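Top to bottom, those sequences are chains E and Z.
Under my numbering, think of the first position of the first sequence as 1, with each following residue one higher.
Under my numbering, think of the first position of the second sequence as 1001, with each following residue one higher.
Think of the hints as simulated: they come from the structure by calculation, not from any bench.
Where hints are given, some of them may not hold.
[Stated by the list, open to error] Residues on chain Z that point at chain E, a partial pick, calculated with CB under 8 Å: (1) G1107; (2) L1183; (3) G1211; (4) Y1344.
Since the model is a prediction, treat every value here as computed from it, not as a measurement.
For every residue, glycine included, the Cβ atom is placed at its ideal position computed from N, Cα and C.
Number of protein chains: 2
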Amino acid sequence: MSTDDTTDTTADASTDAESNCGANTDTESSCGVSPSEDGDDAASESKCGASSDSSSSATSSSGSSCGASKAETTEKKVAATVDDFDGDPGSLLAVGLGPGQPEGMTGRAREALLSAEHVVGYTTYVELLPDEITESADELYDTPMCGEVSRTEEAIDRALAGHDVAIIGSGDPNVYALAGLALEILESKGATASMVDFEVVPGVPAAQSCGARLGAPLVNDSVSISLSDHLTDMPTIESRLHAAAKEGFTISIYNPWSRKRRENYRKCCEILLEHRDPDTPVGVVHGAGRDDERVEIVELRELSELGETDLVDMTTTLVVGNEETYVWDDRMVTPRGYESKYDY
Amino acid sequence: MSTDDTTDTTADASTDAESNCGANTDTESSCGVSPSEDGDDAASESKCGASSDSSSSATSSSGSSCGASKAETTEKKVAATVDDFDGDPGSLLAVGLGPGQPEGMTGRAREALLSAEHVVGYTTYVELLPDEITESADELYDTPMCGEVSRTEEAIDRALAGHDVAIIGSGDPNVYALAGLALEILESKGATASMVDFEVVPGVPAAQSCGARLGAPLVNDSVSISLSDHLTDMPTIESRLHAAAKEGFTISIYNPWSRKRRENYRKCCEILLEHRDPDTPVGVVHGAGRDDERVEIVELRELSELGETDLVDMTTTLVVGNEETYVWDDRMVTPRGYESKYDY
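Next comes chain E alone, as it looks inside the complex:
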C-alpha cells in the first residue's frame, strides 16, 4: 500500500501543522493512551495536533465551545483559516468503517471511499482498507496514534483546498469519534460545514459489533460509557456508571483499560458490583474484527482481575448485562420482555 504521510498538498494554504506535528510518532508516554486506539474511539491525543505547531507553550482556550479561529498570541503560528484558500472547496465526508474489516463497511461507506480523492486516517485503519479503495484514491494520508486533531485538520485543509476528502475511523463517526471534531475545527477556521458539503457516513459501532459476537446482550435500553478520563472527568464518568447500573440499562464500556487508567477500571468494576449481582454476565470482546479477536463471557465478579490480563486493553469493549441477562449456549441473552407477553 502506498501511503503518503509526508507530502503536504496544501502547502500553498500556509498550513504546516502536519509537517511539524501530525506525522510525528507519539508514544504512550506523550499522549496517555496505550498503543492501540479503537472502539469508535480515538479519545486521546497528545498536544501534537492542529494549530499548536510551534514549540511554545501556548495555552489552549480552555472551556470555550470553539469559536472562530483562535489566534492565540505569543509565539504561536495560526493554522490555515478559510481565507487562506482560493478557489472552490471540495467535499469532506467522515466515514465510519464499522469493525474494521472491509466486509463490515456499508455499501455507502465503500462508495464514499471509492469516490474520494484523498483518504485520511489513523494508520491502522488505512491499512485495513481494501485494495480497491487504496488504489482508487489519489492520495492516502495516515498518521499514527495521537494524530487525531492534526489529522482532522489536515483533512479539512485538503477539502478547503479543493479536494474531495474522506476521513475515516473505525465504528461510527458519532461514537466517541471524528464527526464532532471535524465540525469544531471547521468552525474554528471560519469555514462552514455546508461549504465542504460535510456529511457523516455512519458505520456499525463497536457496541453493535461486539453485541453481535456475544449473541443478544443489548436488545433493551442501553448506554455507552467511555472510561477514558482524558476528555471527560472521572467523577462524571463514575456518576454515569452509577446511574446506568442502577436503572437496569445494559452498558457498553469503551476504552476500559490502559496502563495509565488502571484506577478507572478498578473503580468501574466496584461501581457495577454495587448495583448488580456478582454473577451478572459480562461480555468481553478484545480486538473485534482483528486477527487477535477474543470473545469471552465472564461473571461480573471476575471482571476486576481481568484488568491485568491481555484480554482487557484499549481495543476491548465490555458489554455488561442487566439484571435479566443470562447466558445460554455460550451466548448472552437480554430478554426484551416477549416471554411475559407471548407463549412460545
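With chain E's structure known, arrange chain Z on it following the hints.
Only chain Z this time, still in chain E's reference frame:
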C-alpha cells in the same frame, strides 16, 4: 418481487403457526402500534404469533426466562419443537439492514442475504431489499406488522428443517430487535443456537443513521431508550429518562409516539424539561432512509407540541442533546471535550 407468504415449506414439521397467525393482517387496533414499525424496533406484537395459534385463552408463562418448550395445556396446540424435525438443520442468521436502503447495508449483510436460501422479514423490509438478493433467494417469507414472534418462529422452523435462513430487520438485530427473540424461541423449542450456527450480522442502528443526518450529536456518552411500554413498564421508562437526562447523556429515543402512547410522549417531554434547558437542541428524524424522510432540529421546549404533527410517529427517532450540545450551520454538535485540551 416474488414473495411467498403462504407456502409453509416446513409443513412436515407439524407447525401451523404461520398459517393461522403470522400472515394475518393485523391492524393497529389489534397490536397497539401505529402502522409502521421502525428504528431497529419491532417492539409490539399482537397475540397472533408463534405457538399461541389456537383460539383459546391460554395464559403465557409470565416472567419465566423462557425455558424449554412451554407446552401449555388446555385446547392449545404445541408449536414444533426440535424433535419434530428430521435430518440436519440448516443455519440461521439475524441480519441487520441498517437504515433500510441497500447502500446502508454492510458487505457482510449483503453476502449473508445472497447466500441465504430463505429470507424472512417484515414486509416493508423485504420490499426494500435489492433485486440481486430477492432474486437469489429460493424463498422470501414476509409478514406484515405484528408478525414478529410468528415470523421469527417460522424462520427458526425453516432452519431446523434444513434450510439456510436469514431473518432480517432494519437497524441492528441487537437494538430493540430480533436477536434476543430468536435465541429465546430457539431455547423454547429445545433447540440450541449452535445447532443452527446462529449468528448475528450487525447493522447500523437507527441512532447512528439519524445521528449522521443531524451532524455530530452523539459523540459522547449516550443512551438509547424506547418509549414503547408494550414490553417495558412505563415507571421503568420514566426512571431511565430521569437518570439519563440528569447525568448528561445524549439520548436517542426510539418509538416516541403512537396514537395509543400519546401520554408516554408527553411524559417524556416533561421529564427532559425537568433536567435540561428548554433551548436544548433535539434532532427529529422521521423515516430515516425512506422516501418520506424529514430531518429537523428543534428546541426541547417545542418537542411536546410536535407529538401531534406527522413529524413524530413510530418511524421517528429523537436525538436529545446534552447540556453542551449546540447547533451550528444546521448541524447538531455535542463537543467531545477537545476544545478544552487543544487549540484549534
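For each hint, the structure was consulted:
1. G1107: holds, 4 Å
2. L1183: Constraint on Z/L1183 satisfied, holds at 5 Å.
3. G1211: holds, 4 Å
4. Y1344: OK, holds: Z/Y1344 within 8 Å of chain E, min 4 Å.
Violated hints for the displayed structure: none, as all numbered hints are satisfied.
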